[in-house]
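Asker: Produce the complete structure using the sequences and hints provided.
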Amino acid sequence: MKQKNVIYKCILSIAFAVVVLIMAAGLGSVRITPGQILGVIANRLFACPLPDGLPQSMVSILWDIRLPRACSAFIVGAMLSVSGAIVQALLQNPLASSYTLGVSSGASLGAAIIIVNEITIPVIGTLLLPVTGFLFGLATVMLVIFFSAKLDNNLRNHTIILFGMIVSLFVNGILTMLSAAYSRHMNRLILWQMGTFAGRRWMHVGILLVVCILGCLAAAFFHKELDLMSFGEEQSQAMGVEVRRTRFILLVLSAVMTGAAVCFTGVIGFIDLAAPHAVRRLFGSSHRYVLPMSAVIGGSFMALADLLSRTVLSPQEIPVGAVTALLGAPFFLWVYFGTRGKR
Amino acid sequence: MKAIECSDLHVAYEKRYTGTAYEVLKGVSFAIEEGSRTAIIGPNGSGKSTLIKAVCGMLPYRGSVRICGTALDKMNRKTIARNIAYMTQLSEVFFSYTVYETVLMGRYVHAARSFGRASQEDIDAVMRAMRSTGVEVLKDRQLSSLSGGELQRVFLARTFAQDSPILILDEPNNHLDLKVVSELAGYLKNWSENKPCLSPADEVENVKSHTLIGVYHDITLAMELADFLILMKDGRIAAQGSREEILKTDALEEVYGFAVRDYLKASLKNVLGG
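So the sequence lines, in the order shown, correspond to chains F and S. Start counting the first sequence at 11; every next residue gets the next number (this note's numbering). Start counting the second sequence at 2; every next residue gets the next number (this note's numbering).
Please note: incorrect hints may appear among the correct ones.
[What the hints assert, rightly or not] Here are the simulated BS3-like cross-link-like pairs (lysine-lysine), alpha carbons at most 25 Å apart as the crow flies:
{"#": "1", "chain 1": "S", "residue 1": "Lys190", "chain 2": "S", "residue 2": "Lys140"}
{"#": "2", "chain 1": "S", "residue 1": "Lys140", "chain 2": "F", "residue 2": "Lys19"}
{"#": "3", "chain 1": "S", "residue 1": "Lys140", "chain 2": "F", "residue 2": "Lys14"}
{"#": "4", "chain 1": "S", "residue 1": "Lys234", "chain 2": "S", "residue 2": "Lys249"}
{"#": "5", "chain 1": "S", "residue 1": "Lys27", "chain 2": "S", "residue 2": "Lys3"}
{"#": "6", "chain 1": "S", "residue 1": "Lys75", "chain 2": "S", "residue 2": "Lys27"}
It should be emphasised that the hints constitute simulated quantities derived from the structure, not laboratory data. In this text, all values refer to a predicted model and were calculated from it rather than measured experimentally.
Answerer: What follows is the structure, encoded as structure tokens:
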């Protein structure tokens, strides 16, 4: 791939991301122009004067509702895509995703336990649900890795995938039982699992952003190892990669990012699967580009999906997971089979 | 100096459920001279692949393995890779890189930093490796667009780029047609004779001695690429020695349990007609 070409594509992708974010902030029942958006951001960040004639209600809609919502959608999309790209390369499986290791079902179980038992802890308050979800999600992944390693000394890819599937199915079974047993909470449980970005605050954005930046930086440190490991364990070992250790670190890293994403928003599929493939088609497979661009493209996709979810049938809101699946499925088919032609 | 020295090497796989160990290598001892060419041959399940994986440090073992004089268990993955380049059978490619990117991955073990551009030394090594397997013209092609033969040549270039004094091959000719196999054999011979250079610019360096070790199912290829033979059967070495020594005896026939050379003679006759 020519260096110059790549730079153009990078710039275009970032421009696309900015446009999506401005649209996500501007569109809705109340229209806000890009100029007004920039004015409000400048006012809040640098204490510049507000644009003339902008009612306080609009400022509040923009700053307290739309911007944090769009930002959290973008960050969650970025985290899911980056961890999707990592898991696909590690497991040498283009159909793997960040959910393959059972993060989502574990997190859902954690949240369900909190919801059905109506547990509240005064100090952490609204953070109780996400923190529990996160810990359960991470615990599930550790369980999957631990048992895969126990059963298979070489910790082979298909063992991990198989175990991830089995544990996910098992945990989902418990989840179904819980929802049946506590049917008065079923609504809340289902809503939580469907995932939404509604009502996200700057506090959420802040936490997500920290996890996202740290996670992406740590992953970038391993971009060469990811390239090598996508050729399989034997070959990457032969080229000098400490496969077991690197794989463990990267799996945990992707689990932390996915867990953080899921516990604040619920389970939203397809972006994590489709975005890395779109990036590979545009930029090639080298993880120097795949990792950062997955963040940009995945984030844009998610922000766009969230925008559609709240505007298409407005004032009714479609679950964002439904939007990503409805658009993501055909898009994925096109990306995946379009490049290879007939198999 | 010896490139590889194994003494009383045992490798066992643990059987699931029963917990009993199944020994694949039952005490293997041999020494491979630096700069020599060795073929490891034997029937399926005799432990050839296990042997080379153990030597590459990919399997737990008992006994002692020394690589260029250093004990294998004292070496980390990078040190092993700097000493041994290992090429597997042709395998499926899941993510498509360009040929250049792929060959550059062979330099992983020499790269000091995670970020930044490849050093001039790396680029030179990559170009040299691509020239010596004839894939320079494919430089910007995607792996997914290559034929099996081209792909295996790219992987060979990647192994050459690793610049390790020892090269171990596990059935490099699998899935490949005869022409490609003969080309591969040529590249490997050049490499082992220390002339991987096709252009005068490459002649300067390359003073290292190159040791070639291969597991081959194709006995004719083994004879072409090796002057030292290790014959394996049931996890033990049945015979080892120079090609001439081994061919004087009936060791081949004993290891495979049938008249190998009579069979080869007959099939060659069929091909040549009369």
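Asker: Hints first: check each against the structure and report whether it holds.
Answerer: Against the structure, the hints:
no.	hint	result
1	S:Lys190 - S:Lys140	holds, 23 Å
2	S:Lys140 - F:Lys19	holds, 22 Å
3	S:Lys140 - F:Lys14	holds, 17 Å
4	S:Lys234 - S:Lys249	holds, 19 Å
5	S:Lys27 - S:Lys3	holds, 22 Å
6	S:Lys75 - S:Lys27	holds, 23 Å
In the structure shown, no violation is registered for any of the earlier numbered hints.
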